[in-house]
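Number of protein chains: 2
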Amino acid sequence: MSDRNTYSFAHDGQSITLHSPTELPNASGFLWNSQMMINMNCRGYAISQFMQPEPAKYSYAPNMEAKTFMQPEHAYFSHHPGRFFYIKDEDTGEIFSAPYEPVRASLDAFDFVLNKHNINWVIRKLDIEVQLSLSLTVDKPIELWTVAIKNLSDRARNISVYPYFSIGYMSWLNQSAAFDSYLNAIVATCVTPYQKVEDYPKLKEFKDKTFLIADRKPISWTANQKAFEGEGGLHNPCALTNQYLAKEEAIYETPVAVLQYQFNLAPQISKSLKLIFGAAKTNDDIAQIKEHFFTTRQENRLEDGFTDELKQYENYVNSGKSNINIASPDAEFNHVINHWLPRQVFYHGDVNRLSTDPQTRNYLQDNMGMSYITPSLTKQSFITSLSQQLSSGVMPDGILLHPDAELKYINQVPHTDHCVWLPICLSVYLSETNDQSLLNQQIPFVDSAKTQSVKQHIDLAMESLIAARDHRGLSFIQQGDWCDPMNMVGHKGKGVSAWLSLATAYALNTWADLCEIYTNDHDKTEYYRKIATEINEAVNLNLWDGKWYGRGITDDNVVFGVHKDVEGRIYLNPQSWSILSGAANKDKICSMLDEVKQQLSTPFGDMMLAPSYTTMRDDVGRLTQKHPGVSENGAVYNHAAIFYAYSLYTINKGDEAFSILKKMIPSLDDAEKRGQLPNFIPNYYRGAYKQFPNQAGRSSQLFNTGTVAWFQRCIVEGLCGLKGVKGELVIYPQLPSHWNEMEITRLYLGAQFNVKIVRKNINEMYIKLDGKKLSNNIISNIKQGKSYDLNISIPLKNSDNGI
Amino acid sequence: MSDRNTYSFAHDGQSITLHSPTELPNASGFLWNSQMMINMNCRGYAISQFMQPEPAKYSYAPNMEAKTFMQPEHAYFSHHPGRFFYIKDEDTGEIFSAPYEPVRASLDAFDFVLNKHNINWVIRKLDIEVQLSLSLTVDKPIELWTVAIKNLSDRARNISVYPYFSIGYMSWLNQSAAFDSYLNAIVATCVTPYQKVEDYPKLKEFKDKTFLIADRKPISWTANQKAFEGEGGLHNPCALTNQYLAKEEAIYETPVAVLQYQFNLAPQISKSLKLIFGAAKTNDDIAQIKEHFFTTRQENRLEDGFTDELKQYENYVNSGKSNINIASPDAEFNHVINHWLPRQVFYHGDVNRLSTDPQTRNYLQDNMGMSYITPSLTKQSFITSLSQQLSSGVMPDGILLHPDAELKYINQVPHTDHCVWLPICLSVYLSETNDQSLLNQQIPFVDSAKTQSVKQHIDLAMESLIAARDHRGLSFIQQGDWCDPMNMVGHKGKGVSAWLSLATAYALNTWADLCEIYTNDHDKTEYYRKIATEINEAVNLNLWDGKWYGRGITDDNVVFGVHKDVEGRIYLNPQSWSILSGAANKDKICSMLDEVKQQLSTPFGDMMLAPSYTTMRDDVGRLTQKHPGVSENGAVYNHAAIFYAYSLYTINKGDEAFSILKKMIPSLDDAEKRGQLPNFIPNYYRGAYKQFPNQAGRSSQLFNTGTVAWFQRCIVEGLCGLKGVKGELVIYPQLPSHWNEMEITRLYLGAQFNVKIVRKNINEMYIKLDGKKLSNNIISNIKQGKSYDLNISIPLKNSDNGI
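First to last, the sequence lines map onto chains V and H. Residue 587 in the numbering used here sits at position 585 of the first sequence; the count goes up by one each step and never skips. Residue 770 in the numbering used here sits at position 768 of the second sequence; the count goes up by one each step and never skips.
Don't read these hints as lab results, they were simulated from the structure. Take the hints with a grain of salt, since some may be wrong.
Identical copies go unnamed one by one, so any copy, or any two together, can satisfy a pair.
Dumping the calculated BS3-like pairs for lysine-lysine here, alpha-carbon to alpha-carbon at most 27 Å [what the hints assert, rightly or not]: (1) Lys204 x Lys494; (2) Lys204 x Lys496; (3) Lys675 x Lys228; (4) Lys206 x Lys494; (5) Lys758 x Lys728; (6) Lys692 x Lys249.
Please read these numbers as outputs of a predicted model, since none were measured by experiment.
Same shape as in the complex, but just chain V (with noise of 0.2 Å):
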């Protein structure tokens, strides 16, 4: 297989084809709705989950699984929940299984097909060719699959098909399953397991069914797994072996659905199915599920609801576009900024991470970016936010999504960022939209109903993260910071965060930007920027090293992430802030960012921190009992990675951060390596680069990331230099020198901007707009609705005089 690439684009890049199941085997795909999520792997295997409102399986493990956050690097397994199609060449006796778990036949086509709004395969084996799809519904806990078989011969073919759904382990209480021949489905019940009787009245209105339902009627069935399986296992189970399956329900045995289809293929010739696999609460709404996708009624329609859902489906994640599209020299860079990067912001922004509790930062940075898609779901997500804050101005852990939900795993530690997300996160939001109306709206606080405006709100957090520093001015860590599991630093009280101190510096700097835009409380805004240089001072004063700046300073006072450290000697995240804040000068910032490629850059991005910590150290925490080069302890954590790149671009130094951006992204080059689709940007590639050389690249797989947001706020503000301020649009594009040209559409205030980047041969930037000079890089007066022109010129080489 090596006459071609391991993966490629669509012209257009809304879909992406994985040639191989073993080259990435671990690459996935996902897909959800209000109501779940499924990571669907190129293999067969799937992480699925629907909310109840905390994350519920219908598709289990084979054992007793824990109730826990997403995994990095999941671990699969032969009977790892998974969607497997076993195909049997009646004539022959030949089996294989599409798309390739669990027979692992090898095959003669693999096509393993992502497009934003469905996962698919196409496989070819023993002259037939399979194809199957899988979507979801806009708002259901079902996944709906197509399969079509396809006899690619000459002769006439008798096949059997057998769509194996997982449905494993449901509960030590009560399981069970069997064929409904009514609901022509495959019904699992079972009572999920629970002992005080305090809890049974929410466990009773679970949705505690597993359904696999067809819209043809199978041949035959079994709905008990083990029997299925027989001495053959997985890979060749025994119930294969004879002519029908034998109809055996699972009586308190684990559960399968499985289902038996025969259809003789004349040559050339196609069939297909439908399939609908999901949870629910009664075998009514089965039957209404099954009612409303597979009746067609030809009053209103001329499809089923199979296909109109589908459809639906495509609009939701279509809905999903970014106010940005560029068209660069780099294709495969602009599918993923046009079509995947958005898709993945648009993911956070709109389903939270399918949390009913996400931790505060996560819930204003994700909704941050979704400023670029649907600004008012940004704004609705900041008063849901500051409604919860209490009245001393202090932000919780995490944001209550539910009426039921509780603050659960990590938000359970208490963190000292959470109030540095506001302003910065509003930020982005007024850029977009120049909404000042938001800074007026009068909320409430989780302590008490007496409202405040917005901005008052924003003033109490600021004073809350002014207040909580010690005697040099530097901010106290508790438990952690941005970083969760730091969570020794401070625990008893006296250390402190340099990283911390400087977010809290740059919302400060980025509060008094917006009070100065949106109020005329100057008073305010002179001292914000007075604590803010306070600050930066006295991290500057405490915790310059020398060459870059330390981490942070213990409880019993010792800096830490300095030269003296033989492992976590420096961290990436003060570097990036202190150019934020203002608290680096030129020099510092030439000294640090020299320090960073030395010690902390690799081919796969730069490292969180380095080296990692290869011993527990007490004075830094959890953090450093993590594997060296897995996620914070020195994994190239993209969230780490993406402030840097974001703070390089607001000192101009484009190529850099453009080669941050780059570097995030899987490519033919190192997608192996990898082992990861470039269909998102996960949370982490393993660092360690220079201790486990072998593993450093290997993506978590987690698509849950701060990252994107960040992301796409360097491709308007940074790449693109298309800025809002105040209404205004701010024209200061950075093009890696290695682009002579880039066309952008960019979406803002209502009016689209077309606009064409070219180097010239010239000394400054010169902005035509509807063939107009501009006089400075501001355009202003823009008018909803219009389209406007602009073309940029940019001199031949970048500027580095920036800082």
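For chain V, the structure is supplied; the task is to place chain H on it using the hints.
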């Protein structure tokens, strides 16, 4: 394989051999010590845990498993933790695996041999014999394995042997594994996942290493599960296609421990190997294990530590002998009673189900069983239990056995029956020991350091039972009595339990009996008897349903477990305990027994209730949500069945009682249906005999059950009729009608009774002690250290006038 039995006992009954890996695929043996438990199934899968102090894993599932109690009918799957031995004929490339998983090759011979102190296999395939043996130490969380490979052919062979020990998904925080040449071991290391800083001090003491150490140097190894398996799958791993394993480490990847040995075996020659697998905190600990187990110290002994530890473990297990042995006409029954039942009783009493917070009722009953083995431990358990009693008399839901222990799972649900078990279990201890000093022992309370005597503690317990009754004199059930999931009968505070009322009456009578024997407090004695009578009358008045007793009265005053109920029409427990308490008169008993036979009897024992509930009844509770026929929802729940058997012995229904005992033990006739060997008595067999006949009889495979203490009691007091009463032996054997003789060895108060029972054509039992006829059925003045010959003649026909 139909030419031989599924399994066989060794002549002495001390070992049980299963001859097929597929006929009873879930058949298993278990081993334990004070630190760990392993349940090893015949095909090579293992469930193992050790205490630190809560149950922890060293061999994990392939995903992140929920921490929970042991589940019935445990589900196995390909990547379930196991201990496998791949065998490869290097000359032909053929492979198979011992004992059976994961290759599942058809074997020429398969013996799974359970001894009391170890678990063994003898496998033959490709003219190779593989002998495996697993044992434990007395006090360490490690498994001791020996492997012998023999060339059965007449040609020299080159054989590779690959011990494969699952390590699994250890932790998302940190996991890795590699071979350590110095230790000659694969060592996997993880950090137990956590998020809260306050958990760190405890977690840092955890044994977070899993190791496999060998007494021979392997020729190669791998520690990376995925790399070992490749695309071939666990049944045909890619790694075996190469000459040598590739020495791959696991670097934040799923670890495994695979070693490779190559043996050149001359005809009929065998080679062997010793392996140790388990948990450790540090590499130094592993080094000490290596030193201790694999070094032969000539000065001290001829054998290495490994062999020595095996012997110590054998001695430990063999110390768990009961004080009664039988030689009846039923050889299999003898084997179980003489070896496997006391082994299981000993397990319960010695390590308390390896729980740090056993349910109070379980702890007391398990230790009741220990009265027949090591009564000093029973005594200690009484003292421990009563020191956790509230000064109000109420017993807690669980007994904490470790300073760090907390009430978990079901112990967080309030139950009302715990006090009942105090006099009942104490009566057995006193019966066996006549140790009246215990009654005067001073013990504090959990909420008061002021001590009171055991007698006073039990008086208080009885008063708390007496007080917890309604206006009718019936016992409130709150959120459950003996039946945990009967949690909604009385959760509003009004519902009452027939069983608990009867059990209270029985407890009061039992305590009155003890008071009569051991105290001069005649007023108290009469007082307790009077209340017991009142309770019995209240039950007869309110809960006699015409042909049997109902189970209780709900919060809304609905009597349930009665003829009007379509489901849950009759429950076994109230019938049994109405016999024990004296509530049921002869007519009622006749009627009840008839109904039990009609409605509850199955070939696998008597069901706990019938018909099993098929839908939630929310005035009964969670019990009705369990799968029909499973566990408390109408299984042959052996704990309930043994109560019934015991009650039958108390009314001289020896045939009926014996029939229940027999049905608890898998036999050659029904082992396949039960899916279990007669090495233990499970907590249930599937019931719902009429509703789900195909599954009826299937074993839960759970060997934790209060059944065995009562089974032992039935043997001593019922079948053998050799009950201790105030230091005397009261003789009343109840042989089943089809037995004409039985020999018994009974130890009592340090004396040994060699008993022969023979049926003769007489009308009344006739007893000779050392050749001298006794005037009654009581042996007094028993001399410690003396051996007595006891000849008992009984009539040909069992009398039926005991009621």
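Verification of the supplied hints:
1. Only between protomers do Lys204 and Lys494 lie at most 27 Å apart by alpha-carbon distance; the minimum there is 18 Å, versus 39 Å within a single protomer.
2. Taking CA atoms no more than 27 Å apart as the test, Lys204 paired with Lys496 passes between copies only; the shortest distance there is 23 Å, against 42 Å inside one copy.
3. In this assembly of identical chains, Lys675 and Lys228 lie within 27 Å of each other by CA distance solely across copies; the values are 16 Å between and 37 Å within a copy.
4. Taking the shortest Cα distances, Lys206 and Lys494 sit within 27 Å of each other only across copies (19 Å), while inside one copy they are farther apart (44 Å).
5. In this homomeric assembly, Lys758 and Lys728 come within 27 Å of each other (Cα to Cα) only inside a single copy, at 23 Å, whereas the closest approach across copies is 105 Å.
6. Taking CA atoms no more than 27 Å apart as the test, Lys692 paired with Lys249 passes between copies only; the shortest distance there is 21 Å, against 56 Å inside one copy.
Of the hints listed earlier, there is not a single one the structure fails to meet.
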